[in-house]
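Based on the sequences and whatever the hints tell you, model everything.
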Amino acid sequence: MDGRNLFGVADETDELQYGQCFIQYSTLTPTKKGQGRFQVVTDFDKVQIRSCTVIVTKNPCLWPGDFRRLTAVRNEKLEACMRDVIVFPTKGERPHSNEIAGSDLDGDQYWVYWDDSLRIEKNVEPLSYIGAKKLEIPSITSENIIENIVNSFGASIILGMIENTHTVVADKHSEHSFSEPCKKLAELFSLAVDSPKTGHFIEMEKLRPFQKEYCKDWPKYMRKSGERTY
1 MDGRNLFGVA DETDELQYGQ CFIQYSTLTP TKKGQGRFQV VTDFDKVQIR SCTVIVTKNP
61 CLWPGDFRRL TAVRNEKLEA CMRDVIVFPT KGERPHSNEI AGSDLDGDQY WVYWDDSLRI
121 EKNVEPLSYI GAKKLEIPSI TSENIIENIV NSFGASIILG MIENTHTVVA DKHSEHSFSE
181 PCKKLAELFS LAVDSPKTGH FIEMEKLRPF QKEYCKDWPK YMRKSGERTY
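In the working numbering, the protein residues as written are 1 to 230.
Rather than coming from a laboratory, the hints here were simulated on the basis of the structure. The structure displayed is predicted, hence computed values, not measured ones. Careful, some of the hints might be misleading.
Claimed, not checked - Derived Cβ-Cβ restraints for the label pairs, each shown as a range:
#, residue 1, residue 2, range
1, PRO209, ASP14, 40 to 48 Å
2, ILE146, GLN17, 42 to 50 Å
3, THR229, ILE120, 28 to 36 Å
4, SER225, ALA10, 42 to 50 Å
5, ILE49, ASP14, 17 to 25 Å
6, THR141, GLN109, 33 to 41 Å
7, ILE120, SER225, 33 to 41 Å
8, LYS77, ASN123, 42 to 50 Å
9, GLN211, GLU125, 26 to 34 Å
10, THR27, LYS77, 20 to 28 Å
11, THR229, PRO209, 15 to 23 Å
Unchecked claim - Result set (DSS-like, lysine-lysine): computed pairs, CA atoms no more than 30 Å apart in a straight line:
#, residue 1, residue 2
12, LYS197, LYS133
13, LYS172, LYS216
14, LYS183, LYS224
15, LYS184, LYS220
16, LYS122, LYS216
17, LYS184, LYS197
18, LYS184, LYS133
19, LYS184, LYS216
20, LYS91, LYS122
21, LYS197, LYS216
22, LYS206, LYS220
23, LYS46, LYS33
24, LYS224, LYS172
25, LYS184, LYS122
26, LYS172, LYS91
27, LYS212, LYS172
28, LYS172, LYS184
29, LYS206, LYS184
30, LYS212, LYS224
31, LYS216, LYS183
32, LYS172, LYS122
33, LYS91, LYS220
34, LYS133, LYS172
35, LYS91, LYS33
36, LYS91, LYS133
37, LYS216, LYS206
38, LYS183, LYS91
39, LYS77, LYS33
40, LYS197, LYS172
Beta carbons: idealized from backbone N, C-alpha and C, even for Gly.
Shown next as structure tokens:
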């Protein structure tokens, strides 16, 4: 296996330096299930520790700076207690997790890859991803709770719409994912992800200008049934 999807945690030993990470994971063993089928079984008694350059991001990755090139290192203290997670350093001006799509370590998962098939020579500057302040409600009513639940369902829908719009813009724009529209959509996506926690839900009006300009037709690989494609 050349990569893993891992929960992110902070380095409580305070020994990892900025630009480093720690990865220790249980091995996966293909086991014959019968009739030519196989299933992958996690062997918790066997672990591997990465000591190499790794690429870390979070799906979906909407800005090139959401890819971070880090160095996985060995650490005796972490080897004794941390497994099947990626440990980020607590040192540096900004957490690596926040550099990746403005995420945090409250249950977020990260895609980690260490094969030479995908290389990044240097990190692209991450976006600032300034989060919205949480709304403060003096007294919470049942109406507030219902409204928040309904808006949370809507938030999951608009996340997909932002992601699809970003795909079209990146495909059509001459600067692709580095373009200004893609940058704005990446920032909008980050705000939408946190909207159930902050109470600031993204309205469709913020997305429509991008759709009006770019989404008159769609790339064939997106398989948009009933829509014009190219």
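Could you say whether the range 33 to 41 Å given as a hint is met by the Cβ separation of ILE120 and SER225?
-> Because 35 Å falls inside the window, the suggested range holds.
Given a hinted range of 40 to 48 Å, is it respected by the beta-carbon distance of PRO209 and ASP14?
-> Once the Cβ atoms are compared, 45 Å apart, the range 40 to 48 Å for ASP14 and PRO209 holds.
Satisfaction of hint between LYS220 and LYS184, Cα-Cα up to 30 Å = Status holds; Cα separation ~24 Å.
Keeping to a limit of 30 Å between CA atoms, is the pair of LYS77 and LYS33 held or broken?
-> 38 Å, violated
If you check the beta carbons of ILE49 and ASP14, does the distance land in 17 to 25 Å?
-> At roughly 20 Å between Cβ atoms, ASP14 and ILE49 fall inside 17 to 25 Å, so the hint holds.
LYS91 paired with LYS133 [C-alpha distance capped at 30 Å] | 25 Å, holds
Does the alpha-carbon distance linking LYS212 and LYS224 stay inside the 30 Å limit?
-> Judged against 30 Å, a Cα distance of about 16 Å means the pair holds.
Confirm or reject the claim that GLN211 and GLU125 have a C-beta distance inside 26 to 34 Å.
-> 27 Å, holds
Would you mind confirming whether the straight-line C-alpha gap from LYS172 to LYS184 stays at or under 30 Å?
-> Holds, at roughly 16 Å.
Take the C-alpha atoms of LYS216 and LYS206, compute the straight-line distance between them, and say whether it is at most 30 Å.
-> It holds: about 17 Å lies between the C-alpha atoms, which stays within 30 Å.
Below or equal to 30 Å on CA atoms is what counts here, so check LYS184 against LYS133.
-> 19 Å, holds
Has the given pair, LYS91 with LYS220, been kept, meaning a C-alpha gap of at most 30 Å?
-> Violated: LYS91 and LYS220 sit about 44 Å apart, past 30 Å.
Hints 8, 16, 21, 26, 33, 34, 35, 39, 40 from the list above are not met by this structure, while the remaining hints are.
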